[in-house]
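**Student:** Residue numbers (this note's numbering), protein chains in the order written: chain D, 719 to 1096; chain W, 256 to 1030.
FYI, nobody ran anything at the bench for these hints, they're computed from the structure. Quick reminder that beta carbons are idealized off the backbone N, C-alpha and C, glycines included. Among these hints, one or two may not hold up.
[To be verified] DEER-style ranges, computed between Cβ atoms:
1. Asp853(D) <-> Gly553(W): 51 to 59 Å
2. Ala925(D) <-> Asp313(W): 50 to 58 Å
3. Glu284(W) <-> Asp926(D): 48 to 56 Å
4. Pro292(W) <-> Leu791(D): 31 to 39 Å
5. Asp853(D) <-> Lys940(W): 54 to 62 Å
6. Lys940(W) <-> Asp914(D): 34 to 42 Å
7. Ala925(D) <-> Glu350(W): 40 to 48 Å
8. Glu350(W) <-> Asp926(D): 39 to 47 Å
9. Ala383(W) <-> Asp926(D): 45 to 53 Å
10. Gln968(W) <-> Leu791(D): 21 to 29 Å
11. Tyr407(W) <-> Gly1039(D): 56 to 64 Å
12. Ala826(D) <-> Pro939(W): 52 to 60 Å
13. Gly339(W) <-> Ala925(D): 26 to 34 Å
14. Tyr407(W) <-> Ala925(D): 38 to 46 Å
[To be verified] With the Cβ distance kept under 8 Å, some of the chain W side facing chain D (calculated, not the full set):
15. Pro874
16. Gly876
17. Pro879
18. Ala952
19. Lys962
20. Ala966
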Amino acid sequence: MKPVVIADYVRSPFTFASKGELKGVRPDDLGSQTVRGLLDRCDIDPQDIEDLILGCAFPEAEQGLNVARMIGLMADLPLSVGGTTVNRFCGSSMQAIHMAAGAIQMNAGEAFICAGIESMSRVPMLGYNPLPNPDLYEHKPQAYIAMGQTAENLATNYQIARAEQDDFSVASHKKAAAAQAAGRLADEIIPIKTPDGVVAADGCIRADSSAETLGTLRPAFDENGSVTAGSSSPLTDGASATLICTEDYAGKNGLSPLARIKSISIAGCRPEIMGIGPVGATKKAAKRAGIDINDIDVIELNEAFAAQALACIRDLDLDMGKINLDGGAIALGHPLGATGARITGKVASILKREGAKTALATQCIGGGQGIATILEAV
Amino acid sequence: MREIQKVAVIGAGVMGAGIAAHIANAGVEVVLLDIVPKDAEDRRVIAKGAVQKLLKTDPAPLMHPRNAKRIQPGNIEDDIALLGDCDWIVEAVIENLEIKQDLYRKVDAARKPGSIISSNTSTIPLSALVEGLPTGFQSDFLITHFFNPPRYMRLVEIIEGADTRPEAGRVARDFCDKRLGKSVVTSNDTPGFIANRIGTFWLQASVVEAMDAGLSVEEADSVIGRPMGIPKTGVFGLLDLVGLDLMPHVLDSLRTALPSSDPFQDVYRKPELIEKMIADGYTGRKGKGGFYRLNTSGGGRVKEAINLQTGAYAKAVRPGLASVAASKKGSIKALVSHSDKGGVYAWKVMSKTLAYAASLVPEIADDIVAVDEAMRLGYNWKFGPFEMIDKLGAAWFADHLAADGMAVPDFLRQVGSGSFYRVQNGALQYQTVDGTYSNVLRPDGVLLLEDIRLRSKPIAKNMSASLWDVGDGVVVLEFQSKLNSINPMILSMIRKAIDIGEKDYKALVIYNEGSNFSVGANIGFLVVPSMLKLSGVVGWMVGQGQKAYQALKFAPFPVVAAPSGMALGGGCEVLLHSDAVQAHAETYAGLVEVGVGVIPGWGGCKELLLRWAGDTKTPRGPMPPVIKAFETISMAKVAKSAAEARSLRFLSADDGITMNRDRLLADAKARALALVDGYAPPEPKEIQLPGLSAKVAMQMAVGDFRKQGLATQHDAVVSGELSTVLSGGDTDLTETVIESKLLELERTTFKRLAMKAGTLARIRHMLSTGKPLRN
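Pulled out of the complex, with its shape left as it was, chain D reads as follows:
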């Protein structure tokens, strides 16, 4: 196996869909500025890049027409660099990283940009033309279950109380606010030019979040349920990008990689509890890496919903102190296609920052899947 590293990671600011400062920015513009920002940070010859692999959960309209290629052209990548758009819903841009790692093993390239975009302002969730298959809906309606309902199912199955979800969400905001105050988020953010000026900071974090305020919210998905808008990740606009290359290439070009990719995995699960997806995927990846889950030092576990994250933490018996050190998606936002590269890049940078040995990035995926990546120090 060729050692593959995450050489660098950046992202755009994440802001609320439909009301945030990036709502007026086309997702391809957002993606191209982010990709350009990554390249401007890495002193490499862009001709060396094999492909731009870009994750997007609803690749249509302004995110359609193989938007990865369009973004490559917009970002002035050399014409020789390819572009492919991949869709694994929320796991799309982690999948992009996995594909690059796989291609490298096949000697099909040395360096890749693995990125993700989602403008949930400009392309609605489910897309503009949701046309479910009537037969599938009749026989397996859970195939199309609403995401919030899957969180409710986990909250019920795992008996995760409202208060526990709210506390988890407040903690996410506090960690994110602290990271923001300490400049740990600005490090990874590429400021984005918009018609109304430059946007350089995240827009979803609420430093003053409290259990009291969250406690007043009505359930968002089930009137008798416990999952609220406050304990769910918000609809978000954002983009992320990573440089994935061989360790050899990084060395030759004077890059100082964040982490090495140790193992990857995908695991399916029941669609109606899709949020538990990280459990199967993490177990598989740990086994492939030959490590015990307890030995992982830092973890990014995507917070689609507090109930979902808590269920995974309980099943995997994870140490809360290792998870989402700079806040998770409940605070930062969850631009579907961009999240995978964010959490993988993020945990790689935390691994390096904390001088840790092993890291895990994992997330759940609508339709019933989990995806995981295990990293180790270079």
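Following the hints, put chain W in place on chain D, whose structure we already have.
**Tutor:** Just chain W now, kept in the frame of chain D:
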């Protein structure tokens, strides 16, 4: 070029902000300035806060949220230079002469020459406001007195000073009339002008007499309310709305300004009870409550009324006064002649008020027309004081005043056995102060059926609708049923309009002067067929409507709908089937059929689908038009203005909006005539719809709504049927659906729904309570 292109409003209180909002509604840029609060971090915080508040206020001062962007907030210290390119500057600051004059000097230094300045004062005379100010300022200055809330109250009183240049008055009038849609009434520079002079007297007389006669607030409001064509809030309900704490200021200011001989001094009083209520925070709806309050203790919602003698609250009771019952047959005269306490009270209040009004012409206004208009539009009275006197009979009224030992005003005496108004040669005339009659003149561009009715007979007429020749080859179809609900007689008149129109006319305008264009189909007709499960009858009824509406759509000449007020259900479907709409800005359109458990059945589903599909802004693919139509119809979305109706596609982008209600018919007629040359009826359309998979997508959405507690069981049933129609039934993505297939889907679906118990329950509930049933 428009004479007023940019406006400034100074004072971002309720009135100032409301005026600014309405100027923005007219599509005009407006600067809103207020003071810099002490130690403010953001020096524009007051005006900015006012704009934010506008977006949250209900009823909305803005006709569309995006209108807020036309309001530029600022402060009078840093932003006074912004006045330099404003053509009209409205002052709406605190009623303090010194503060106003100080501000005027600042404004005068910053404004451009020839700009118009006006005050929204309600208590300070114009002569005092301009005293000592430069002559240039005086000649550009007038009073424009708006009523609260400025968007909804149609009256603006304009008062010009001795030195106001006539051109300033003309420009301000023209802007208020055509752009802001107001009826401008010219008042003299006298205390309280017209409406508040009479209105305050009336309110005060009503309170005092009720207290003296021992009437309850419910009794008083049942008398001085509906039976007189006065809003049902009556007197005490109105005071709750206005704010009890405002009244002492208004009363004191009138008391000081008016001579000791003025009859107002006799009704002036500050009852101890009201003083105490204000002190205790019972200032009305904005406070803890007023004469009425909603008691929510114990989880209930009980409307309570105060006892005027003891000050204690008790559950409000519906009074059953014989005089009020008598007024239903015999109108105002029967009420004031009745011998029960309600009749006695009505006479006491109205005799004083009407006599007072009659004594004030020409002091406050040159003619009675201005006075009546001011009371109709400033206080929402159905009839002005002189119209009310005519209803009583001027001679009868004078005799009864004399019999009660009250002074008979000279003007009333002069009318003698005649009347204040009369119709002569098809024209409405009023009596002038010199005893002759003059025609009631309408401004250019005002065309009213009310006037046409006096001078001509309808071309055709039945119990529920008429056809009128309004000149230039245009025929008007007028609905006249209860609430203008659509029934078989209206449908037959639609067919007749098209037959007659084809032979003798160039264009058809659908218009009426009711409060509402139409509240929709008369659902009472559905009860019996639904109970007896006569689905064939329902299908036939729906089919008749479809035929009439299709005839409108494909008529061989232009059809223009001109709605004002509510245009719901079948009323909204009229708009959807017209070639063009000229809508009054205050048009409230919606397809609300789901509220009674059915779907739009006269082509509404079809037309809304076609509109979204034909809209270039709709995202591509087969679903977006379906989703848009589904969201709009399944949630019974009602546009709260013509501008919002455009966003919801009940109006199309090139449909016109008229701000002034009185100008609607003339605008609609012009619009229809503009379509005549080279007119060709629309071609039937085809649409590609996704069929079953779209229905599944909508079902999923409804399922989520059910879980969230946002949709009831029967909502799901109705939405399910709606999704069948909107998805195109059994069609496939590769096929096209023609209009008649969509109509057939509407018909069969409507029939199925009408046979359901849940739908029948909704219809019955709506008929008996006027509110939708959540079942």
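**Student:** Work down the list of hints and note, for each, if the structure agrees.
**Tutor:** Taking the hints in turn, this is what the structure says about them:
1. Asp853(D) <-> Gly553(W): 51 to 59 Å: holds, 53 Å
2. Ala925(D) <-> Asp313(W): 50 to 58 Å: This hint is violated: roughly 32 Å between Cβ atoms.
3. Glu284(W) <-> Asp926(D): 48 to 56 Å: The hint (48 to 56 Å, Cβ to Cβ) is violated, given that Glu284(W) and Asp926(D) are roughly 36 Å apart.
4. Pro292(W) <-> Leu791(D): 31 to 39 Å: 53 Å Cβ-Cβ, so the 31 to 39 Å window is violated.
5. Asp853(D) <-> Lys940(W): 54 to 62 Å: For Lys940(W) against Asp853(D), whose Cβ atoms are near 31 Å apart, the range 54 to 62 Å is violated.
6. Lys940(W) <-> Asp914(D): 34 to 42 Å: Once the Cβ atoms are compared, 40 Å apart, the range 34 to 42 Å for Asp914(D) and Lys940(W) holds.
7. Ala925(D) <-> Glu350(W): 40 to 48 Å: holds, 44 Å
8. Glu350(W) <-> Asp926(D): 39 to 47 Å: With Cβ atoms ~40 Å apart, the hint holds.
9. Ala383(W) <-> Asp926(D): 45 to 53 Å: holds, 51 Å
10. Gln968(W) <-> Leu791(D): 21 to 29 Å: Violated, since Gln968(W) and Leu791(D) (Cβ atoms, about 53 Å apart) do not stay within the stated range.
11. Tyr407(W) <-> Gly1039(D): 56 to 64 Å: holds, 59 Å
12. Ala826(D) <-> Pro939(W): 52 to 60 Å: holds, 56 Å
13. Gly339(W) <-> Ala925(D): 26 to 34 Å: violated, 42 Å
14. Tyr407(W) <-> Ala925(D): 38 to 46 Å: Holds - the Cβ-Cβ distance for Tyr407(W) and Ala925(D), about 41 Å, lies within 38 to 46 Å.
15. Pro874: Pro874(W) check passes; min Cβ-Cβ to chain D is 4 Å, inside 8 Å.
16. Gly876: holds, 4 Å
17. Pro879: holds, 5 Å
18. Ala952: Status holds, d = 5 Å.
19. Lys962: Given a least distance of 5 Å, the restraint on Lys962(W) holds.
20. Ala966: Hint on Ala966(W): violated, closest Cβ of chain D at ~11 Å, above 8 Å.
Hint violations for this structure: numbers 2, 3, 4, 5, 10, 13, 20, all remaining hints satisfied.
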